[in-house]
Amino acid sequence: MRHISTTHFYGSLSIKQYELSNGLQVLLLPEDGAPVVAYQTWFKVGSRNEKIGKSGIAHLFEHLMFNETKRLPAGTFDRTIEAAGGHTNAATWVDWTYYQNDIPSSKLELLVNLESQRMNELIVKLPQLTSEREVVLNERRFRVEDDIDGFLSEKLYELAFTTHPYRFPTIGSVDDICSITLEDTDEFYKTYYAPNNAIIVLAGNFSTDKALEWIETYYGILPSQPIPTFHGAKEPPQIAEKRNRYEKPVLSPKVIWGYKSPALSHPHHLSLDMLGDFLFGGPSSPIYSKLVLEKEIVSSLHYTLTPFADPGLFEISATIKPGYSIEEVESLLRKEIDDFKERLISGQELDKTKARFLTGFYKGLRTANQKATAIGHYFSILGDVTPLTQLPTLLKEVTPSQLQELAAHYLNPSQCSSVVALPLSTKEEILV
Amino acid sequence: MQLSSCTTFIYKGGNPRMNTYFPENSLSKKIICVEDHVLPLCRIQVVLKAGNLLDISFDRAGLSSYTTELMRRSANGHSYIDLERALNQIGAKIKIFVDGDKTIFDLSVLKEYLTPALSIFTDIITKPDFSEIESDRLKRKWLANLENNREDDSFLVNRFFWRNLYGNHPYGFPTTGTEESISRFSPLHAMDWYKNNVYQENTLLGIAGDLSTEESISIYESVISKLPKNKFVSSEDSVLSQKFPVVPGCRVILVDKPERTQSQILVGQFGVGFSDPNWLPLHVGITAFGGTFTARLMREVRVKRGLSYGATAHATSPKGQGAIVMHAFPASEQTGETLELLLELHKELYEKGLTDEEISFAKNYLAESHAFQIQTAEQKLRFKTKLTLCGMPVSLVEKWPEQILALSNDTIKHVLSKYLSPKDLLITIVGTADLLQGQIRTISTLKNVPLKILPYTKDE
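In the order they appear, the protein sequences are chains P and L. Here our numbering is used: the first residue of the first sequence is 1, the next is one more, and so on. Here our numbering is used: the first residue of the second sequence is 1, the next is one more, and so on.
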């Protein structure tokens with residue numbers, strides 16, 4: 001086990017990075033606190049790595065990881081974690097899949113043992129694949145088909161991206177989910193579930209020496225394997241606005257605008273996130289205030305900036321109030337954005353965004369699980385935690401003129417794709 | 001106000017960063033303080049021992065929330081935008097939480113901005129303006145929110161289930177009202193509510209984070225002590241003590257929403273309140289049945305049959321009478337099959353109970369996982385507040401695992417058989433009626449039960 005670095009986080013806490021000879025990365029954040037740990041395994045594989053016609057395999061495979069291994073009968077993994085007073089779960093997104101466990105500190109060795117087995121000794125049989133496929137189809141109904149926000153989000157990415165795999169939904173299409181075979185899942189496991197494609201993140205109350213000893217014991221024997229280089233097509237620049245609309249059983253029109261945005265690694269990413277918060281982040285944000293409180297033409301208005309490995313989207317979503325059209329709302333939104341591009345805000349105005357970000361930063365680090373998740377996300381995408389640990393410093397350096405430049409650079413109609421859900425009885429004109 | 005003495009209590013199990021103080025004076029029942037100085041975050045809560053139990057009739061549903069939200073929106077001559085700008089400038093947030101038993105005014109802020117945040121917080125609680133303009137805006141916002149929320153099937157099934165379970169008891173009323181009730185509210189109603197319910201004896205101060213005991217007392221003096229004093233009259237007692245007789249027979253409420261590919265199902269009945277000695281054994285028993293991923297319910301519904309992404313059961317824990325509820329969300333065409341399975345499992349639980357292995361597993365799980373329920377200062381505060389409001393000793397926070405492990409398997413089995421009532425269940429389903437009616441009627445135990453179909457766009 002080789003010690004790579006120690007990075008100060010906050011207060012007396014530091015993140016220690018190690019590497020095993022088989023390439024497994026280990027990040028430890030020990031602290032005195034409640035007698036619990038968060039143990040997470042991040043695999044650098046997500047829906048971006050899927051083959052055409054097999055969308056959803058990364059997520060379906062995540063479901064299959066909770067079954068049997070060579071030494072664990074089916075259902076034993078979950079039961080053993082719960083018997084120890086722990087919780088286990090997982091998530092898949094475009095760039096990663098991660099497996100999280102929260103467990104009392106006294107059970108850490110047990111967990112390391114179990115998790116190492118899943119990485120190398122998983123067994124998947126047809127009945128499990130069949131059952132989990134049904135579960136995933138139900139999950140899709142829950143998150144997409146019967147959820148208007150999930151439906152619109154899927155349609156937005158389908159529209160905004162023409163060649164990059166981000167255009168495919170992480171949960172997969174129904175046809176693709178139904179086409180996945182045992183051979184597919186076996187190949188997927190062997191290709192991507194290897195120590196040299198994984199990062200272990202451990203946060204909480206534990207002994208560093210013991211943790212390293214156990215990780216070395218249980219993972220050290222696992223062989224590394226060649227991991228395919230990502231060959232997903234680069235998305236070409238967008239040169240014109242794109243729009244789609246759908247009629248759905250909704251009571252009010254809903255819309256998402258998605259502007260092409262930089263990757264998490266890009267120097268603009270943090271500032272663009274702060275721009276979003278400044279404009280849309282709450283009742284005193286200028287565009288929120290104008291559209292929601294003053295004009296009352298939308299009943300909800302949110303923004304989000306994707307934290308992806310490759311360029312993603314800066315999304316603005318709104319629910320339109322009865323009596324107003326998408327065109328009116330969009331026109332006012334764009335006017336407000338254009339006004340911002342012309343008017344340089346003061347340092348004091350920007351300070352409120354900085355204060356909100358700082359508060360949000362600390363709020364996101366209260367539990368062991370939150371700490372581990374933040375560390376895992378940054379490291380799996382960037383291979384580096386300093387953009388996280390340095391956040392309080394970095395955000396202080398952002399200036400009003402930077403936000404203005406970013407608005408001019410990124411928030412242009414030619415960079416925008418939008419999707420609209422209209423109530424079934426609407427006779428609104430289609431925007432072109 | 002000085003401390004005559006104070007007790008420092010360290011969480012058993014070695015969490016030395018977190019100290020809980022119980023001042024040995026009249027404030028001991030008025031302040032709960034859980035210190036944690038690792039992060040520079042402060043959480044301050046003024047807890048009113050009054051929630052939407054005070055919305056005494058359905059046409060007043062949401063009045064408690066309306067009043068407290070209106071307090072939030074204008075105070076000491078400042079409008080909502082003024083207050084928001086001031087809070088945002090320092091990264092602070094003030095939120096209001098209302099449930100059946102309590103109302104919480106919640107302030108979260110970085111330590112360095114505590115003073116200005118506290119000033120705004122104090123104004124909101126002690127000098128609300130009850131502005132007509134803000135009232136109109138709030139009502140319009142709520143009506144729009146209600147419409148938006150009706151897009152959410154989980155929201156709908158809960159709304160209709162609780163309303164039909166509790167009937168005309170406020171526990172079943174929607175916390176943020178209905179289209180009809182919201183339209184009727186005025187600042188005069190809010191002022192009346194405020195006068196009757198916001199006074200010193202009816203409040204509790206909760207502190208968590210980067211604050212000391214001395215600071216807590218100072219906050220009490222600057223916020224709570226500014227409220228009027230009043231002889232505490234529990235206006236909730238008669239409502240809280242109300243017990244609900246079992247409504248004989250099963251009932252089905254079908255909330256009709258078009259183009260659903262999936263249904264949301266809640267099946268439930270009455271249970272007991274949090275301070276009832278039977279609550280904890282009931283909680284353990286229901287956890288064994290459906291409270292974890294490997295429990296019987298999830299195993300049968302999801303793992304074996306793939307019928308639903310999730311299948312859970314839990315016992316609610318209000319001050320008054322609680323409920324026992326099962327939840328699943330299958331594909332529309334599998335709704336009948338899933339519902340029939342839920343009813344069979346419930347009946348089997350009643351008739352045959354749990355195995356000793358299941359009970360022991362649940363006890364151990366709840367005892368061992370308790371550390372996660374009180375991992376942070378805020379979580380600990382939440383638990384202590386709940387205990388205090390229910391008149392239970394706060395020492396139970398640390399003794400909770402012992403209490404669980406001390407329960408005998410026979411006690412748990414007995415409580416389950418006492419309270420479960422498979423012939424008298426309320427079933428609420430959100431889905432597309434045309435697809436579901438026939439499926440429901442094929443279930444033998446539901447062939448002749450009353451089935452009411454309601455539109456998802458309106459409350460009854």
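By construction, these hints were calculated from the structure, which means they are not laboratory data. It is possible that some hints are incorrect.
[Claimed, not checked] Capping the alpha-carbon separation at 25 angstroms, the derived lysine-lysine pairs in BS3-like fashion look like this: (1) L:Lys127 to P:Lys363; (2) L:Lys243 to L:Lys111; (3) P:Lys260 to P:Lys242; (4) L:Lys141 to P:Lys295; (5) P:Lys295 to L:Lys93; (6) P:Lys295 to P:Lys363; (7) P:Lys248 to L:Lys458; (8) P:Lys54 to P:Lys210; (9) L:Lys93 to P:Lys354; (10) P:Lys354 to L:Lys95; (11) L:Lys195 to P:Lys290; (12) L:Lys458 to L:Lys347; (13) P:Lys16 to P:Lys155; (14) L:Lys127 to L:Lys95; (15) L:Lys141 to L:Lys229; (16) L:Lys229 to L:Lys111; (17) P:Lys335 to P:Lys242; (18) L:Lys423 to P:Lys248; (19) L:Lys386 to P:Lys295; (20) L:Lys30 to P:Lys396; (21) L:Lys30 to P:Lys290; (22) L:Lys139 to L:Lys95; (23) P:Lys290 to L:Lys418; (24) L:Lys304 to L:Lys229; (25) P:Lys354 to L:Lys111; (26) P:Lys396 to P:Lys335; (27) L:Lys93 to P:Lys70; (28) L:Lys141 to P:Lys335; (29) L:Lys243 to L:Lys30; (30) L:Lys127 to L:Lys229.
[What the hints assert, rightly or not] Quick look at which bits of chain L chain P covers, simulated, 3 or more residues with Cβ under 8 angstroms: (31) 89 to 102; (32) 113 to 126; (33) 134 to 143; (34) 254 to 266; (35) 345 to 353.
[Said to hold, decoys possible] Listed below are several chain L residues computed to face chain P (Cβ distance under 7 angstroms; list not exhaustive): (36) Glu147; (37) Phe274; (38) Thr292; (39) Ile453.
We put the beta carbon where it would ideally sit given N, CA and C, even for glycine.
Verification of the supplied hints:
1. L:Lys127 to P:Lys363: violated, 29 angstroms
2. L:Lys243 to L:Lys111: Outside the cut-off at roughly 45 angstroms; violated.
3. P:Lys260 to P:Lys242: holds, 12 angstroms
4. L:Lys141 to P:Lys295: holds, 12 angstroms
5. P:Lys295 to L:Lys93: holds, 24 angstroms
6. P:Lys295 to P:Lys363: violated, 32 angstroms
7. P:Lys248 to L:Lys458: Given that 25 angstroms is the threshold and the Cα spacing comes to 19 angstroms, the pair holds.
8. P:Lys54 to P:Lys210: Since the Cα atoms of Lys54 (chain P) and Lys210 (chain P) sit roughly 41 angstroms apart, the hinted pair is violated (cutoff 25 angstroms).
9. L:Lys93 to P:Lys354: Within the cut-off at roughly 14 angstroms; holds.
10. P:Lys354 to L:Lys95: holds, 20 angstroms
11. L:Lys195 to P:Lys290: With a Cα-Cα distance of about 34 angstroms, the restraint between Lys195 (chain L) and Lys290 (chain P) is violated, given a limit of 25 angstroms.
12. L:Lys458 to L:Lys347: Violated: Lys458 (chain L) and Lys347 (chain L) sit about 33 angstroms apart, past 25 angstroms.
13. P:Lys16 to P:Lys155: Distance ~41 angstroms between Lys16 (chain P) and Lys155 (chain P) Cα, so the pair is violated.
14. L:Lys127 to L:Lys95: holds, 17 angstroms
15. L:Lys141 to L:Lys229: Answer violated: Lys141 (chain L) to Lys229 (chain L) is near 34 angstroms, above 25 angstroms.
16. L:Lys229 to L:Lys111: violated, 30 angstroms
17. P:Lys335 to P:Lys242: holds, 19 angstroms
18. L:Lys423 to P:Lys248: violated, 39 angstroms
19. L:Lys386 to P:Lys295: violated, 41 angstroms
20. L:Lys30 to P:Lys396: violated, 40 angstroms
21. L:Lys30 to P:Lys290: The hint is violated at about 41 angstroms.
22. L:Lys139 to L:Lys95: holds, 17 angstroms
23. P:Lys290 to L:Lys418: It is violated: about 57 angstroms lies between the C-alpha atoms, which goes past 25 angstroms.
24. L:Lys304 to L:Lys229: violated, 59 angstroms
25. P:Lys354 to L:Lys111: Answer holds: Lys354 (chain P) to Lys111 (chain L) is near 15 angstroms, not above 25 angstroms.
26. P:Lys396 to P:Lys335: The given pair, whose Cα atoms are some 28 angstroms apart, is violated under the 25 angstroms limit.
27. L:Lys93 to P:Lys70: violated, 51 angstroms
28. L:Lys141 to P:Lys335: holds, 24 angstroms
29. L:Lys243 to L:Lys30: violated, 29 angstroms
30. L:Lys127 to L:Lys229: Since the Cα atoms of Lys127 (chain L) and Lys229 (chain L) sit roughly 15 angstroms apart, the hinted pair holds (cutoff 25 angstroms).
31. 89 to 102: holds (count 5)
32. 113 to 126: With 1 residues close enough to chain P, the hint is violated.
33. 134 to 143: holds (count 3)
34. 254 to 266: holds (count 6)
35. 345 to 353: violated (count 0)
36. Glu147: With Cβ-Cβ at 5 angstroms, under 7 angstroms, it holds.
37. Phe274: violated, 22 angstroms
38. Thr292: Nearest chain P Cβ about 5 angstroms off; hint holds.
39. Ile453: violated, 17 angstroms
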